Amino acid sequence: MKKIATREAYGQALVALGRENADVVVLDADLSKSTKTIEFKKAFPERFFDMGIAEANMVGTAAGLAAAGKTPFCSTFAVFATGRTYDQIRQSVAYPHLNVKIAATHAGLTVGEDGASHQSVEDIALMRVLPGMTVFVPADAVEVHGAVAAAVRIDGPVYIRLGRMAVPILHSDDFKFVPGRAVELRPGTDVTIIACGIMVAEALKAAEDLAAEGVNAAVLNIHTIKPLDVAAVTEAARKTGAVVTAEEHSIIGGLGSAVAEALVENCPVPLVRVGVRDTFGESGKPDELLLKYGLTAGDIVTAVRQVLGRK
Amino acid sequence: MINIDPSEARVRANQIRCHIINMTCAAGSGHPGGSLSAADIVGALYFGGMRIDPARPDWPDRDRFVLSKGHAAPVLYAALAERGYFPVEDLDSLRKLGSPLQGHPDMKKLPGVEMSTGSLGQGLSVANGMALAGKIDGRDYRVFVLLGDGELQEGQVWEAAMAAAHYGLDNLTAFVDFNGLQIDGPVTEVMSPLPIADKWLAFGWHVIEIDGHDMEQVFRAIDESKTVKGRPTAVIAYTVKGKGVSFMESVVDWHGVAPKEDQRDKALAELTERRPD
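Note that the protein sequences, when read in sequence, are chains G and L.
Residue numbers for the first sequence follow numbering that gives the first Met the number 0, so the first one is 0 and each next one is one higher.
Residue numbers for the second sequence follow numbering that gives the first Met the number 0, so the first one is 0 and each next one is one higher.
Pulled out of the complex, with its shape left as it was, chain G reads as follows (with noise of 0.2 Å):
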């Protein structure tokens, strides 16, 4: 199968977008070659400004350029997106509803070697709690080019999640990217996987195990976690009776509880959440990480057969 990392796909559909709109400029703290806005450097440098590593100062710029009508998408490692900026996107970016697109690279634990300080597994929650902010998290590099393509056609401040490592290809390039609306990736009846990011491929994995097993599950790729497509939340809840969610974030704030937000309050099943359980990380290989920390295909599985006995 085809991997392309996240990121990847970003400094590409940049560049796809600076050609079709002139409006659109990009900002980076001192990361644009590993955050891929070198690409959009390269083909338009007067509308691409390294802001140095200054990052409080690079959002407020944007929300500067937004103010005069540009469009301007900033980027650094998530950690830094949306720690070290928190204040400034609330106050300068969120309040007054600005044009500002932050999409951040590295999230997660598979940032891998450079260690906790490093690995964002809280950005998910500390954006989506912002009002008016849509968060994204694109499970492949299709996705992204559909993210981005959205953010710009969004009238309003805009989070995408990206991460550094190389994942499989899911859609076909005539997949249609529709904000806020969940993607059946596969149909089930026992029981619902839902997730975003990395944790797609490996939801659809642990789907294939557990049909050896004979249990039919259905998984739901949610690449907007806000505003959550609630009605399809509840729907395969409704569906299936117990529901498990896969996300490279931590349990509280995430994707995991968004959907027990949702579900608690319109359909509620048993649910079981796979993700970071309240820790920091560590220094390691994406791949250890993920099996050290809980989340591969195989915790996925046993997530469902925890569930399913509750069921």
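Be aware that a few hints might be false.
[As the list claims (entries may be wrong)] The list that follows gives simulated cross-link-like pairs (lysine-lysine, DSSO-like), each with its CA atoms no further than 30 Å apart: (1) K32(G) <-> K134(L); (2) K204(G) <-> K175(G); (3) K228(L) <-> K41(G); (4) K41(G) <-> K134(L); (5) K228(L) <-> K40(G); (6) K40(G) <-> K134(L).
None of these hints come from the bench; they were simulated from the model.
All of these numbers come straight from a predicted model, not from anything done at the bench.
Please build the complex by placing chain L on the supplied structure of chain G, with the hints as guidance.
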């Protein structure tokens, strides 16, 4: 020589001060001290210093003013009302439920407010972005931003100062309202930002030091900043917190306390007596 006759701005600044007293009294809360210290600077900008049109608050080529020290919202609202952006009578709705005159400026609620501010340290970055956009688009508008002296304690200000010089934003003028006081006391005692002028110089800015209550000096600084090429201009304006009201001048307690009705009357009497011709 200055190109603009400062006499109207003097009268308007006095009127702005009266509005500040009236509206904070009506609100029962707010920040009169730092609003009064900035009244001459803001008055100069809205009455001669800036290219603006109250009928077209979204005019792409307008000059922009960012009130980075957002707690001085009353001075901005008073200037906007005086300039005709909205009726002067609306000033009395300051800080009241449903009013576009929020406790700190909200650009989505009040036309003429260029940026929502209130969390200190962020306005210069935003002004940089606006100035950068002007450069990209080849528009000749100018961006003005007003910072407090205590606000200079925020690290983001210096990130932004570095960036503005790096990108050669000569379409940007930053005023520092150096009134010397912050909530906990004199800025030099709380966390000294001194030497202020040297810092901006060291960051690569053109620096002008003025008496922030001398209208001629304020206009001269605005004019000079428009002639500087290749770098932004910082105007260090030495001011008096509470300026114009004897019992408020240089009294730190008037940072965030509204005048009672008798205090309002006394203040208005003083201001009326000193009204310029």
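Against the structure, the hints:
1. Between K32(G) and K134(L), the direct Cα distance comes to roughly 26 Å. Compliance with the 30 Å bound is thereby established for this hinted pair.
2. A distance of roughly 23 Å separates the Cα atoms of K204(G) and K175(G); the hinted pair therefore holds under the 30 Å criterion.
3. For the given pair, K228(L) sits about 28 Å from K41(G) by alpha-carbon distance, which is consistent with the 30 Å threshold.
4. A distance of roughly 20 Å separates the Cα atoms of K41(G) and K134(L); the hinted pair therefore holds under the 30 Å criterion.
5. The suggested pairing of K228(L) with K40(G) holds, with an alpha-carbon distance near 26 Å, which does not exceed 30 Å.
6. Of the pairs offered as hints, the one joining K40(G) and K134(L) holds, with about 17 Å between alpha carbons and a cut-off of 30 Å not exceeded.
When each numbered hint is compared with the structure, no violation occurs for any of them.
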